[in-house]
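With these hints in hand, go ahead and build the complete structure from the sequences.
Per my numbering: the sequence shown = residues 22 to 140.
Hints are supplied without guarantee of correctness; some may be wrong.
What the hints assert, rightly or not - Derived DEER-like restraints, expressed as beta-carbon distance ranges: (1) Leu110 / Lys73: 45 to 51 Å; (2) Ser44 / Leu75: 29 to 35 Å; (3) Leu79 / Lys46: 37 to 43 Å.
Quick caveat, the hints were computed from the structure, so don't treat them as lab data.
Owing to the predicted nature of the structure, the values given are computational and were not obtained by experimental measurement.
All residues carry an ideal CB built from backbone N, CA and C; glycine is no exception.
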Amino acid sequence: KPKVPVLIPQEDPKHMPRISELSVKIDPRLIIDQISNSQIQLTAWQILAISKDLSSSLINLIKPKSHKDQTIMDTFLTHDRRSRTREDLIYIDTEINGHKIRAIYDTGSEINILNTSIY
Numbered sequence: 022k023p024k025v026p027v028l029i030p031q032e033d034p035k036h037m038p039r040i041s042e043l044s045v046k047i048d049p050r051l052i053i054d055q056i057s058n059s060q061i062q063l064t065a066w067q068i069l070a071i072s073k074d075l076s077s078s079l080i081n082l083i084k085p086k087s088h089k090d091q092t093i094m095d096t097f098l099t100h101d102r103r104s105r106t107r108e109d110l111i112y113i114d115t116e117i118n119g120h121k122i123r124a125i126y127d128t129g130s131e132i133n134i135l136n137t138s139i140y
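Quick look at the structure:
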């Protein structure tokens, strides 16, 4: 049998990036430190235009909030809803498994509730 040579892929020699004489003399970390600590004059519009998160945070900070007691608000809303709801309920007299019941038909209900004693 003739021997078939096995080809082993060889890595390309790594090339050094091209660097100018000036770049060799300057430490990028020092430049970044100088930029980070520099005062820059920008308008609020310029800052908000480049940062979605900053814009959202600022909007939430300046959005008016109610200082009313939430518990009192909830109590009034619940009472108000109950008084309005009594007028709009639809009652249906029906029979389930021999039990006569008066059911409430609620068009906005997301779940149906039935007492276990009925079925």
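Against the structure, the hints come out as follows:
1. Checking the proposed 45 to 51 Å range against Leu110 and Lys73 shows it holds: the Cβ atoms sit about 47 Å from each other.
2. The hint said 29 to 35 Å for the Cβ distance between Ser44 and Leu75, and at roughly 33 Å that hint holds.
3. Between Leu79 and Lys46 the beta carbons are some 42 Å apart, a value that agrees with the proposed interval 37 to 43 Å.
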